[in-house]
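Using the hints provided, position chain B relative to the given structure of chain A.
Each chain is listed here by its residues.
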Amino acid sequence: MTMKCNRKFVTVASPFFAILIGLTFGAAVMIAVGTNPFSAYRQMFSKSFFDIYYLGQTLVKSAPIMLSGVAAAIAWRAGYINLGMQGQMCVGGLCATLVALFFPVKSWWVTILCFCVGMTAGAIWALIPTYLDYKFDVSIIICTLMMNYATNFLTDYFVSAPIKDTAGDGLAMQSPQIAEALRFYRFSPKNAMNTSVFLSIAVVILIAIFLKKSKFGYESKMTGLNREFARYGGIKSTKIMFMTMALSGALCGFAACIEIFGARYRYVNAMFTSTSYSWTGLMAMLIADYNPIMTMVYSIFLAGLAIGGQALQRSVGLPMQISDIIQCSITLFVSIKLLFNFQKLKINKKPNHLERDEEVEHE
Amino acid sequence: MLIEMKNITKRYGSLVANDNVSITLKKGEILAIVGENGAGKSTLMKILYGLESYDSGEILINGKPVRFSSPYDAIKNSIGMVQQHFMLFPPFSAAENIVYGNEPRRGIFFDKKEAYRLVEELCRKYNLYIDPKIKVKDCSVGLQQRIEILKVLFQQVDIIIFDEPSAVLAPQEIDNFLQTVLDLKKAGKSIILITHKLNEVMAVADYVTVMRNGKVVKKMPKHETSIEELSYLMVGHHLEEREIEEIEPEEEILAVSNLTKTSPDGVKLLDDVNISVRRGEIVGIAGVSGNGQSELIQCISGLEHADSGKIVLNGIDVTNASVSAIREAGCACIPEDRYYWGSAAEASLEENCIMYHYQRKSELMKNGFLNSRNVSLFSETILKDFDVKHTSSSQSMKDLSGGNAQKLIVGREYMQNTPLLIAAEPTRGIDIGAIEYIHGRLLEKRQKKDAILLISSELSEIIELSDRIYVMCSGRINGEFSRDEATREKIGYLMMGGKNDDEM
Chain A
1 MTMKCNRKFV
11 TVASPFFAIL
21 IGLTFGAAVM
31 IAVGTNPFSA
41 YRQMFSKSFF
51 DIYYLGQTLV
61 KSAPIMLSGV
71 AAAIAWRAGY
81 INLGMQGQMC
91 VGGLCATLVA
101 LFFPVKSWWV
111 TILCFCVGMT
121 AGAIWALIPT
131 YLDYKFDVSI
141 IICTLMMNYA
151 TNFLTDYFVS
161 APIKDTAGDG
171 LAMQSPQIAE
181 ALRFYRFSPK
191 NAMNTSVFLS
201 IAVVILIAIF
211 LKKSKFGYES
221 KMTGLNREFA
231 RYGGIKSTKI
241 MFMTMALSGA
251 LCGFAACIEI
261 FGARYRYVNA
271 MFTSTSYSWT
281 GLMAMLIADY
291 NPIMTMVYSI
301 FLAGLAIGGQ
311 ALQRSVGLPM
321 QISDIIQCSI
331 TLFVSIKLLF
341 NFQKLKINKK
351 PNHLERDEEV
361 EHE
Chain B
1 MLIEMKNITK
11 RYGSLVANDN
21 VSITLKKGEI
31 LAIVGENGAG
41 KSTLMKILYG
51 LESYDSGEIL
61 INGKPVRFSS
71 PYDAIKNSIG
81 MVQQHFMLFP
91 PFSAAENIVY
101 GNEPRRGIFF
111 DKKEAYRLVE
121 ELCRKYNLYI
131 DPKIKVKDCS
141 VGLQQRIEIL
151 KVLFQQVDII
161 IFDEPSAVLA
171 PQEIDNFLQT
181 VLDLKKAGKS
191 IILITHKLNE
201 VMAVADYVTV
211 MRNGKVVKKM
221 PKHETSIEEL
231 SYLMVGHHLE
241 EREIEEIEPE
251 EEILAVSNLT
261 KTSPDGVKLL
271 DDVNISVRRG
281 EIVGIAGVSG
291 NGQSELIQCI
301 SGLEHADSGK
311 IVLNGIDVTN
321 ASVSAIREAG
331 CACIPEDRYY
341 WGSAAEASLE
351 ENCIMYHYQR
361 KSELMKNGFL
371 NSRNVSLFSE
381 TILKDFDVKH
391 TSSSQSMKDL
401 SGGNAQKLIV
411 GREYMQNTPL
421 LIAAEPTRGI
431 DIGAIEYIHG
441 RLLEKRQKKD
451 AILLISSELS
461 EIIELSDRIY
471 VMCSGRINGE
481 FSRDEATREK
491 IGYLMMGGKN
501 DDEM
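Taken in order, these protein sequences are the chains called A and B.
One point on numbering: in our numbering, the residue at position 342 of the first sequence is 342, and numbering is uninterrupted.
One point on numbering: in our numbering, the residue at position 59 of the second sequence is 59, and numbering is uninterrupted.
Okay, chain A solo, but in the shape it has when bound (with noise of 0.2 Å):
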């Protein structure tokens, strides 16, 4: 039916939609302002994409935004909807760079420990709201939600007195350095461009194998499709839920130590909400259907955007705040796909059968 075949449609392709009307939106923009929006255009993805320093800086950016991204997406679909990938992201760096600073052994496999530290602090930071809800019918979606503010001012707290960095001027809320040793390998002291990259790309191909083969990865489809069917299954749902929301908390820790780690070296005052890596993840695991290769995908293309708008700033002079509007405009069109996938959502729920009959009647 008609209706049927739009929803479709627009369900397959939203994405581009999306991205394009963003894009145009953003010429438009461009236009007003009296630049030329295809040279600008060509530049901004030429530098992101084809320019090898700035490739590298996309890159290193996208990092935490595909894995805080697929983070997002193990949840959701489970019908578990997490937002507090950032707290879980702040706690998790937070509790990795406490121990690669007060570890005494400074070594490569301590990176290992400080990762695990993490992803450990992360989970738990995760199923603290899964437990309220389980124990108390907290809502999941608001209590993630609101700890992301709590969990901010406490791991800001941190840098701010018991480890702040006394070195140098002693004005910036940082902890110091991790030790040499403990960082990922950099090709050029010049660039950002380090190893965790590669390491993140391989998580995330892994996650994706893990969710499309493994037990886990049926159960929690299964849970998230259809909640009833999967307890009519002998699906133990209460399981599902701690463990996904625990794997979601341990990758937002993952990917805050693979910032730290790669990137930063040390833990910054409000690094992971200033940067909001979390939100463009969320966005780009929204665009991509919750397929985490397709996440990974355009994380990379949302860095690229950023780091095009960084680059136009400089050479074209165009404020940066450019690439804002563009990732912006599409976040609407893709909200505007999400209303569809919850109007999807709503009929799935009505235990009417008889409706669904005369839908799908005439295939």
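The set of hints was computed from the structure by calculation and includes no laboratory data.
Everything numeric in this text was worked out from a predicted model, so none of it was measured.
Backbone N, C-alpha and C fix where the C-beta goes; we use that ideal spot for every residue, glycine too.
Please note: incorrect hints may appear among the correct ones.
Said to hold, decoys possible - Below, computed lysine-lysine pairings styled on DSBU-like, alpha-carbon distance capped at 30 Å: (1) K239/A <-> K366/B; (2) K366/B <-> K215/A; (3) K236/A <-> K361/B; (4) K236/A <-> K398/B; (5) K215/A <-> K361/B; (6) K398/B <-> K215/A; (7) K236/A <-> K310/B; (8) K212/A <-> K389/B; (9) K310/B <-> K135/A; (10) K212/A <-> K310/B.
Stated by the list, open to error - Derived CB-CB ranges, DEER-like: (11) D137/A <-> G57/B: 50 to 60 Å; (12) D387/B <-> C328/A: 44 to 54 Å; (13) K389/B <-> T24/A: 38 to 48 Å; (14) L15/B <-> Y185/A: 54 to 64 Å; (15) L60/B <-> A32/A: 54 to 64 Å.
Stated by the list, open to error - Covered by chain A, according to a simulated footprint, are these stretches of chain B (three or more residues, beta-carbon under 8 Å): (16) 315–324; (17) 335–346; (18) 365–376.
Just chain B, lined up with the frame of chain A:
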């Protein structure tokens, strides 16, 4: 001629939903259009009601050609439609729902008193009584349908289309509904009835049009045809008479004793229920829907917890055990609603086929990982063995028609090979061919000396298949019949709350 639809053709891509279809309706006549799911009946009516466009053909009303672009046009031309799925606002009163769209006003405000008065007047006029102030959410399905009918009548239409009106109704509600249809005819309305229930057609229709594969097969006056001929025309081949072989039941597989469950607001959903099911036996539970059958099977299958009582399955006490423990103990379940519990519409056929199977079959899942090749093979086996018409096992469930989706679910649960199969509404809302097929498979399972607990709101289904029948009413087992004792009348009497030893 009141309505003439001439040579209507409607295509959806490569599929021809209506192929040169013509129907006619005279004033004061009841025309029944019968056909299996997918025969094109609903499409035709959607075209008539302005919900769908058509590729060629024409529609004449009182001899004048018309073309509707929306139901609004249809209503202006005196055509109303009672949809299969009710379009009501549950928190609002019956009257508010009925007058919606043509509300009486006082100034700019909605005049509630006038609405109540108008609805009362309407009820009197058509002998269809309802309390105008009752909230729709407090109405039974039968009452909701009555509100829908009143809504259509309030639009002052002369022609009323009913799309599968009885699909959602309980047996005695169906009788009321058929009476209503006859009353409407007496009041001068012309009616088109879309259905695949032939006994209803025989009860009320003047003319019957049979559709199959998008074409009109035949139109005839009702008194010139029979249920047998109609079902032959609908399906395209004769349905074989089934001989049900006697089987001596063996040991007990399911024993439910003193099961009790009370709803949060104090209603007894299950009241001291005792049933027993043995190997080689189909045990039916008859009852008007909402009398505890759903709660009973949900307690047995582990989806709900009972307050007290005991459920023993295959010698294992599974009272209030988890779903997986109960399945492990030997219970499979065809759920009441194939989209609410039975499947994930967005998931692929494969993903729907392997539900629970993967937990027991190591060829499907080993060390926590699925074996895609074996998953495909296994799914294809179910799809082929249970005659599920599909294009690919990776297509999504929602693209299957209702009957095929149901066959998939039946196949999945059948293949669990458990000693007990709960079949709840195994054939609701599907066409005759699929019904026959599923009944055959259930009897085959019985033949293999497995036990089946059958719940259905179709009394004829229960009577046809069951070796023993329990009748449920208000959460209680109100009587028990063997195959030989069971008659429609006796069971119907107990369903309505009568006692087995009462004088009838």
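Hint-by-hint comparison with the structure:
1. K239/A <-> K366/B: 19 Å, holds
2. K366/B <-> K215/A: 9 Å, holds
3. K236/A <-> K361/B: Distance of about 18 Å is within 30 Å: holds.
4. K236/A <-> K398/B: 25 Å, holds
5. K215/A <-> K361/B: Within the cut-off at roughly 13 Å; holds.
6. K398/B <-> K215/A: 23 Å, holds
7. K236/A <-> K310/B: With a Cα-Cα distance of about 23 Å, the restraint between K236/A and K310/B holds, given a limit of 30 Å.
8. K212/A <-> K389/B: Holds. K212/A to K389/B sits at ~26 Å (cutoff 30 Å).
9. K310/B <-> K135/A: 28 Å, holds
10. K212/A <-> K310/B: 40 Å, violated
11. D137/A <-> G57/B: 50 to 60 Å: 56 Å, holds
12. D387/B <-> C328/A: 44 to 54 Å: With Cβ atoms ~52 Å apart, the hint holds.
13. K389/B <-> T24/A: 38 to 48 Å: 43 Å, holds
14. L15/B <-> Y185/A: 54 to 64 Å: Because 59 Å falls inside the window, the suggested range holds.
15. L60/B <-> A32/A: 54 to 64 Å: 56 Å, holds
16. 315–324: Held - the segment 315–324 of chain B has 3 residues with a Cβ nearer than 8 Å to chain A, which meets the minimum of three.
17. 335–346: holds (count 11)
18. 365–376: holds (count 5)
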